[in-house]
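Residue strings, one per chain:
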Amino acid sequence: DAGVTQSPTHLIKTRGQQVTLRCSPKSGHDTVSWYQQALGQGPQFIFQYYEEEERQRGNFPDRFSGHQFPNYSSELNVNALLLGDSALYLCASSSNRVRYNEQFFGPGTRLTVL
Amino acid sequence: KNEVEQSPQNLTAQEGEFITINCSYSVGISALHWLQQHPGGGIVSLFMLSSGKKKHGRLIATINIQEKHSSLHITASHPRDSAVYICAVKGTSGSRLTFGEGTQLTVNP
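Protein chains in written order, with the numbering used here: chain F, 1 to 114; chain X, 1 to 109.
No wet-lab data here; the hints were simulated from the structure. Treat the hints with care, as some may be off.
[Claimed, not checked] Facing chain X, according to a computed beta carbon distance under 7 angstroms, are these residues of chain F, among others:
1) F45
2) Q56
3) N59
4) N101
Model, not experiment: these values are computed from the prediction. For every residue, glycine included, the Cβ atom is placed at its ideal position computed from N, Cα and C.
Build the full structure now, drawing on both the sequences and the hints.
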């Protein structure tokens, strides 16, 4: 079992550009959540996908969008990048069929916006 | 005020010491996670608990639902325990997590 995987591991972009981050959930998981972690802070919830639809959303602007594919993998898209979008982006997967549906985290993608 | 507060923010200990990290929350929850994050970013789940106490090796986690408080204890601390420890809570609806700011633990040999 490969666990939760994310790609790429590191990414450097410039202001105004667009970026796509990818996440493959743990085998058997159907729900993917995305989090943003700024340096020195705890992660902040961006949104969650289940059954290819956005189920919950945190306090992030519309520049942040996502998608979930039929194989449960997910993408996070950020448009019109700002310097403040520089952060570690974490993906977590869980199973909607399991009580308390514990989340398992990927290694993260470190995004730097110059 | 954050919904999840951790203390202390930073903690330095000598190898072998008993360590306690505290987490208080202000919302209703269905479960609480203790997570470990090493430099480089990867997060590992240590415990998920909704009542009582759990133990895994030298780690012990407790939760008091009435007081909305949880503690993570590390017995016989070791330099390899050095990491950021994060408390996160799952609300009563949905499965999103709300995180504390984390506690940076450094254990010196």
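So which hints don't hold here, by number, going up? 3
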